[in-house]
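There are 2 protein chains.
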Amino acid sequence: MTTTELSVKMILDRWNASIKSCDTLINNLTDETLLKEIAPGKNRGIYLLGHLIAVHDDMLILLDMGNKLYPELQEPFIKSADKVVSQIPSAAELRKMWTNQCDVMKQKFESAKTENWFEKHTAVSAEDFAKEPHRNKLNIIITRTSHLQYHIGQLALLK
Amino acid sequence: MTTTELSVKMILDRWNASIKSCDTLINNLTDETLLKEIAPGKNRGIYLLGHLIAVHDDMLILLDMGNKLYPELQEPFIKSADKVVSQIPSAAELRKMWTNQCDVMKQKFESAKTENWFEKHTAVSAEDFAKEPHRNKLNIIITRTSHLQYHIGQLALLK
Numbered sequence: 005m006t007t008t009e010l011s012v013k014m015i016l017d018r019w020n021a022s023i024k025s026c027d028t029l030i031n032n033l034t035d036e037t038l039l040k041e042i043a044p045g046k047n048r049g050i051y052l053l054g055h056l057i058a059v060h061d062d063m064l065i066l067l068d069m070g071n072k073l074y075p076e077l078q079e080p081f082i083k084s085a086d087k088v089v090s091q092i093p094s095a096a097e098l099r100k101m102w103t104n105q106c107d108v109m110k111q112k113f114e115s116a117k118t119e120n121w122f123e124k125h126t127a128v129s130a131e132d133f134a135k136e137p138h139r140n141k142l143n144i145i146i147t148r149t150s151h152l153q154y155h156i157g158q159l160a161l162l163k
Numbered sequence: 005m006t007t008t009e010l011s012v013k014m015i016l017d018r019w020n021a022s023i024k025s026c027d028t029l030i031n032n033l034t035d036e037t038l039l040k041e042i043a044p045g046k047n048r049g050i051y052l053l054g055h056l057i058a059v060h061d062d063m064l065i066l067l068d069m070g071n072k073l074y075p076e077l078q079e080p081f082i083k084s085a086d087k088v089v090s091q092i093p094s095a096a097e098l099r100k101m102w103t104n105q106c107d108v109m110k111q112k113f114e115s116a117k118t119e120n121w122f123e124k125h126t127a128v129s130a131e132d133f134a135k136e137p138h139r140n141k142l143n144i145i146i147t148r149t150s151h152l153q154y155h156i157g158q159l160a161l162l163k
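Chains as they are written, first to last, in my numbering: chain A, 5 to 163; chain B, 5 to 163.
Think of the hints as simulated: they come from the structure by calculation, not from any bench. Any given hint might turn out to be false.
No copy labels: a pair is met if it fits in one copy or bridges any two.
Stated by the list, open to error - Pairs of lysine to any residue residues, derived as SDA-like cross-links and limited to a Cα-Cα distance of at most 25 angstroms, are as follows:
1. Lys117 to Pro44
2. Lys141 to His151
3. Lys141 to Met5
4. Lys83 to Lys163
5. Lys83 to Val128
6. Lys46 to Asn104
7. Lys135 to Ala21
Remember, it's a predicted structure, so these values are computed and weren't measured experimentally.
So here's chain A without its partners, still in its complex pose (with noise of 0.2 angstroms):
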């Protein structure tokens, strides 16, 4: 194995682990308790939930891997607050399309070969990707293991 190809494996590694911790988190939490506020007045964990699958579902654009899968919680999830939009998803659909999206990404994921990674992300123009090589699809996955991180450190807080 060459150091480029260990340095994919390490970053998508540790992107599957960080999933891996987060579904596990969200498997043992009741419906009940993710409708409760991560801390008294911030964001509801069934909004982390919403949030967490809005914004990998924009990975996939970013990743020219395809459409997004539920374009609909870009709206309630990203570009409102908690507690603003009053009709979002339940708990119970949440979850189904947490567990589908994660699927789907694992596969595709799987099938990038190592140089797929290299290559600019989607929101990158083609001269400035000239000009700095590390606004790639692999950085993408950097960046939102670090995202996904964060979140899971407040998620956990209503164990």
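We have chain A already, so just place chain B on it with the hints.
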């Protein structure tokens, strides 16, 4: 820049950005706020700050980059839960340690060469490392960035 150099850069950039984000957050919290729990019955901000310094100190050992700067923090902030050890450093003292440690680590990381990051970390045997070359120093940065982000998500609740 080779894809290996790019990978190392992206991983170190993410670590540095997480450190900066934590630093900004801490600087915006008063000592009084740091003494509060992040959520009712959970860890206090001051414990998380001490915990991060203690965990980052241990990275110096794992990365074979010298001794711990503050070995006295292992007992109250890693081996013990919050509020178990009554005598802990003040917020002001921890802030100084945090700032100094960030500077020291930054310097050490900047002087490391690309190939150094793929060397085995000190907690894995040469035999295991031959079979599992991903257990290298770069992976310590990847996993500790995840750990840092997890706790930044919690500290952010004190804002």
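Against the structure, the hints:
Taking CA atoms no more than 25 angstroms apart as the test, Lys117 paired with Pro44 passes in neither setting, with 45 angstroms inside one copy and 46 angstroms between copies. With identical chains, the CA atoms of Lys141 and His151 are at most 25 angstroms apart both within one copy (16 angstroms) and between copies (22 angstroms). Proximity of Lys141 to Met5 under the C-alpha cut-off of 25 angstroms is found in both arrangements, the shortest distances being 20 angstroms within a copy and 16 angstroms between copies. Proximity of Lys83 to Lys163 under the C-alpha cut-off of 25 angstroms is restricted to the inter-copy arrangement: shortest distance 21 angstroms between copies versus 27 angstroms within a copy.
Taking the shortest Cα distances, Lys83 and Val128 sit within 25 angstroms of each other inside one copy (21 angstroms), while across copies they are farther apart (45 angstroms). For a Cα distance limit of 25 angstroms, the shortest separation of Lys46 from Asn104 qualifies neither inside one copy, at 27 angstroms, nor across copies, at 32 angstroms. Taking identical chains as interchangeable, the C-alpha atoms of Lys135 and Ala21 lie at most 25 angstroms apart only when they sit on different chains, with a minimum of 20 angstroms there against 32 angstroms within one chain.
Hints 1, 6, counting from the list given before, are not met by this structure.
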